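J.: The chain contents come next:
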Amino acid sequence: MVRLTIDGREIAVEKGTTILDAARRLGIRIPTLCHVDGFEPSASCFLCAVQVEGREVLAPSCATPAASGSVVYTNSDEVRRSRKMALELLLSDHAGDCVGPCKTGCPAGLDIPGFITEVASGATGRSAEIASDFLTLPGALGRICPRLCEQRCHHCESGDALSVGGLHRFASDRDLASGARYVPRKETPSGRRVAIVGAGPAGLTAAYHLLRRGHAAIVFDAHAEPGGMLRYGIPEFRLPRHVLDQEIDVIRILGGEFRMQSRLGRDVTLGDLRRDFDAVFLAIGAQLSRGLDCPGEELALPAVDVLAHVAGGNPPQLGSDVAVIGGGNTAMDAARTAVRLGAREVTVLYRRTRREMPCLMSEVEAAEAEGVRLETLVAPIRLEQVDGAGMRLTCVRMKLGTPDLSGRPRPVPIPGSEFTLLASSVVAAIGQIVDTSRLGAGDLHLSPRGIVASPATLATNIDGVFAGGDAVTGADLAVRAVAAGKLAAVSIDQYLGGRRVAGDPELVSVQLSKMDEAELAAFFREIEQTPRSVMPELPVAARVTSFEEVELGFSDELARHEASRCMHCGCSKATTCQLRLYATEYGADPLRFAGARRHFSRDTSHPDIVYEPGKCILCGACVTAAAEAGDGLGLAITGRGFDATVAVPLRGTMIEALPSAARRAAEVCPTGALALRGAGGGSCGVPNDEARHELRFLKLSPD
Amino acid sequence: MTLERWRSIVRSWMGPVAAGLAVIAALSLLSFYIHARLVTPGEKALVDSLKLQAKTDAGVQKVLQPELDRQHQELVVRRNAYRWGGLLLLLSMGVFFAWFKWLRPRQAHTRASPRGASLPPPSVLAPVAAPLPVAVPAAAPAEPIDLGPVDDILESEGRGRESVIPILQAIQARYRFLPQAALRRVSDRTSITPADVAGVASFYGQFRQMPTGEHLIRVCEGTACHVAGADEVRTELRRCLGIAQGSDTDPSGRFTIDRVACIGSCSLAPVMTIDDEIYGHVSALSSGRLLHQFIDTDVSKTIDGHRKRARPGIGREQSPVDEAHGSVRTSPSATPVEIRIGLGSCGLASGAAQVLAALEGEVASLGGGATIKTVGCAGLCHSEPLVEVIEHGRRALYGKVQPGDVRKLVRRHVKPRGVVRTVREAIKDMRARVLDDRAWTPLTAREVDAALYVSKQLRVVLENCGEIDPLSLDDYRRREGMRALEACLTRLTPAEVIEQVRAAGLRGRGGAGFPTALKWELTSNASGSPKYVICNGDEGDPGAFMDRAVLEADPFRVIEGLAIAAYAVGASEGFVYVRREYPLAVRHVRDAIATAEEHGFLGERILGSPFGFTLRVREGAGAFVCGEETALIQSIEGKRGTPRPRPPYPAQSGLWGKPTLINNVETLACLPWILRKGPAAFAALGTERSPGTKVFSLAGKVNRGGLIEVPMGITIREIVEDIGGGIKDGRTFKAVLAGGPSGGCIPAHLADTRIDYEELAHTGAIMGSGGLVVLDDRDCAVEIARYFLHFTQEESCGKCTFCRVGTKRMLEILDRICGGTGTDGDLQTLDELSIGVKRGSLCGLGQTAPNPVLTTLMYFREEYEAHIRERRCPAAVCKALIHYRVLDSCTGCTLCAQACPAGAIDARPYVRHEVADDLCTRCGMCVSACPEDAIEVA
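Protein chains in written order, with numbering that gives the first Met the number 0: chain A, 0 to 702; chain B, 0 to 937.
Be aware that one or more of the hints could be misleading.
Here are some chain A residues pointing at chain B (derived, C-beta under 10 angstroms) [said to hold, decoys possible]:
#	residue
1	57
2	86
3	585
4	594
5	622
6	649
Keep in mind that the hints were calculated from the coordinates and are not lab data.
Owing to the predicted nature of the structure, the values given are computational and were not obtained by experimental measurement.
Every residue, glycine too, gets a C-beta built ideally from N, C-alpha and C.
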């Protein structure tokens, strides 16, 4: 017997026992990647490294026999640092996306490959469930979301991105139309009540997720109808009211209570809410319009007011010549609304160029098709009322200067280039800011942008009060508000359950940077390379006279085609990959040691397994598994140094290599390098409950 | 009948015909002359008397006139005959000479190429990397391959797993690469699995998966060669051959440029080899010329279809290595004069084979009178070829001997035998004195300082190097060889042998300095049978060649050491593991083992004792990591050379799981001395903690590089300044790189550090196996660190995460810094990665790989900062950060413009030239071409 001390605890083990096994007997968890019970230790990953007193270097515990009297530390600072670095080094040479870049690109984390797979297979109902679970308002967002996900799509490297927005809109539309629409299951009531201020996307989403978790959600809003900016900031021709109503109905079905026309600070105060409810979520949005910041700015109509009036059923008189100032989606919406209200001439003035416009290009194109004129590199310097029913807008020409903080070139006025134009009305769509006055003179911490809340949990400085959405970030995308609502629900749930409020920890993800042609080819071998489906639209002539929805949505056929374009670039072992889980546990940063990496490639020649050499960590477990099976060519570690890789020897195929050991090889593989076919159902990393649980355990275990 | 055929007929007959003509012309001239001589005196007397009469008598005058006319006519004819005859003689001699010199078939030198003209010198080649226009088909293998030879190879090399490396080496020797079909055949017909075949074939640097060109060019990547400009040589060769990026073979498939970690001829840096021949002191300028010269001679070979015997090496003819080394060359009778010539690798690379041939010729022409002995490396590699003459116990050492010098050198010591020879030699001497009045004096007398080179040294390990014929067991025994083994076997128990080694305080010379006796004791105490001893001759450290020299020059000593070790630990079998980059060492060890077996020093019942010991040689296959003992064991077992965790140590479970003792060449070479002279004598040398001596290979920017053996405790300054003769070209001493890629740099201000395991470790470097590369102020510390990281990254086995990926990231950072795109954060990351890699690697390679970075960061941090913050390389080395500028001293000779391969300099005679910075590739060719030193690099 050998007696040794591990982390201050003594243990006696038989001679020859490894430190790893000895620690396990004490219940001490040591992370391992290359270790497989029963296999000869590989001692290559160095994740199991421990500190042994008197040894200058760290010892791989999986291969180090316990020595009598040795003193071992398995979790010292140095050990943890070393493990983190080992993980970061492995991640730096990991060629493959853990999850599709679209999913990591989506602020709400929508499992895009997952629902797209369902669309492709015709399971529209299941796809709507996935979309609703993540987005809450999939139909609304499918219409108006700027689709950050599509910008990340690997299709962009050789053509047009997959039409993700169009597809979740399709899923939602079909689901709403089916008559048997998806309503999520509710957990047993907790008896806790949460006040949500603001019925915009953030508030609605928070309500939806809190209700599902069994809490009561009471939504306060100053407007007559719920929906916030979705209803009052977006014109009907982009987001028909019935879609929004139906999606909000789900929250009502789940038991959500709406207290409309009750304004914070007037009808109800934060103090009241804190007193009457177990938790409060402030999602008051950014309601105040920003001025033009020039003399006469009060003469301009705020775009959101124009849109809200139209939505409320009493459209303002804009006259025949409308000038809209701004370059965002609101500006476009205001301009297109003006067209529909009968304006003869609508001009959008923007101070930078078309390239820098923050709105969707498709909106600009649609607006121009509808007759809106775009005037770029122009800024207003004075606005005057002229006799009669018009105003004179004096502008100055701009040129682009050095980049500002946002990275966009700063517009600089060209002296002497002033000119004037006449308009019947001027609409200002410069942006919105948070109206903090309504929060009362409480002790809530505020910043110039809005309410201060922890980005990880959305908790404010006041216990039990959370805040999110535009109210925290300033005016931003609806999908970010949805993400905030979801995060708030998770945090509030933790708070109400008396757990540590930790928010919704994300698994660390490796992202392939831009892929080269060979890598793209590896994907395109699997799918047909077809062009993006074109969204059917209402003819322009019909558009300009009514508030009918412009984009008509995909047909079944178009949707199926579009869905079949998905490359499924994510990893089928995304939730079981040990490398990813440990990377999350140790807070490893995949980009810390970014440098040259292996090529992504994918071998699908075997009927049972898929081999992606770029994700191999060279533990050799599969080589051993193949050698144990003893048939076929087996696998070999070939090459050396950074270029070492596991390959089929003698230029054989995977089937020749692993006639019987394929399953076993995939099982012992700690990463996604070798995976059973269809292990993830083709979907990229839908975290199942177990994985979530595991994750929480990892993340929340005391350090 | 083709034109070629006619040409070759003409060429083969031209010489004899010309010779015949010359003989005829000479004979006829001679007969004419003799005839004239015989006839003229009588006639002259007659005419004279007639002339005398004619002065007084007009009749006689009248009669005489026709006779005078006739005579005049005859004189004219005779003069013309002389003229024409002489002309014919000269012409035919000229033709004969030309034939003899250039056109003779089966001769190395030829100017006739199929294109009818020789290639222009490389400097006037178009700057475009055009492939050499040689009409030789690409060396693509004809499919399918004849696999018959594979079966033969399996028959001779065996079919077990441990034979996989020798099998693959034999296959590569046969096919010049490893065809997949042959590998399949191996796995089909042996017990070796496909995974092992593929794993091993792709692990070792020697093995090539792609067909090789007809000729293999290697430019040494060792440290000494690197600092001497090997990169530029490689670039120039690639350019000359038109080898595309990412490829290593020229488009015609004639030449492949292979990588080699170190050839071990560091004192001749930069070194390159074409096939088996080594060329020392090459430069970017000369390498291209060398290549063209090689191509020219090679063309004649392909035309005539004959295997040429020799090619010019550094302007001289060399015979292949295997012919050069023979046994003692003794003249008919024993003589008091012994002439020794060093035929180590360095010597051969410097042309020692030609010197040997000249010596033999000279001694033969003097009728003997001297014994010529070929010996191994004497250590003065900077002065190779070396000839030592021992006359009545007096020694005279001659350095840098050229074949042309041999005559004078020999004549100083050897008198011709017999009257005829004496007279003939006297005449030759007289003539020689007129032609050349340079006196040949021994090296020690010519270079006064060289005395220091010798006096500071102390020879224990190298006591026989340069003294004996490496392959002569008799020679070895004359110098008390095998006495120690005899003493052990007859008088000492194994335990007593270990005790003696312990008392001597010997520490492992492989680098880490582990007490040898302790290792022996562990192996001796371990249970298991059989036990093995292994001699680690895998000297992979670029810039080190101690083991090569010892194995080449004194192989019996290593064998004796191994036998003593085997006796002490109870082993019955042993291996000598030698790098395949040292072909001469491999051959010598093999021969010496055979000889030792013949004479009963190996095999059963050695010297009549019950002790038996057999020894085999294993050639490495090009993997630095195999110098690590567990990796070396894996390699002998026929696996990929990946280290495995220790414990268990090889002493407990080594080769095939049996107790195994692994000692370095130098450690083993110390043993005979220790056991002969007693442990106290050894312990008295050196320092208390590090007794004995240490062999170093001194290279880099010193005046006298070579193999040196010094007592421990000597300072670095003494080595560099006294032994090495200071820094070359009067530059400033900057640092010493000790221990190669595992070591570190010791800056000049720490030059008083004593050579001692612990003291060196204090500086951040390590003793290592003994490579010492000296740097001057033109060497960039960052670039050196980058060089070493590049080396370790290439040589990492790829097993451990930190070593595989960590060193790669470190290299990337160093690349960035050298490339002028480093950031301040990079230094912090380098620091962190260095610590991580050091602590998180399984074997010595990874654990020490960051040392060069850590030590340069410690001593030359300001250089790193200059690269990052000022985008400046203080040593003017890093290409991205330097510029070439022509100074006013330019004379407008246009040589730089001719040399520039990038077309960055316009040739403008008599006007100061300019380097176009955007076109300049910083190859340095213009700098070496400029006779005025007028190109500044900054």
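J.: Against the structure, test the hints numbered earlier, and report the numbers of the ones violated in rising order.
T.: 3
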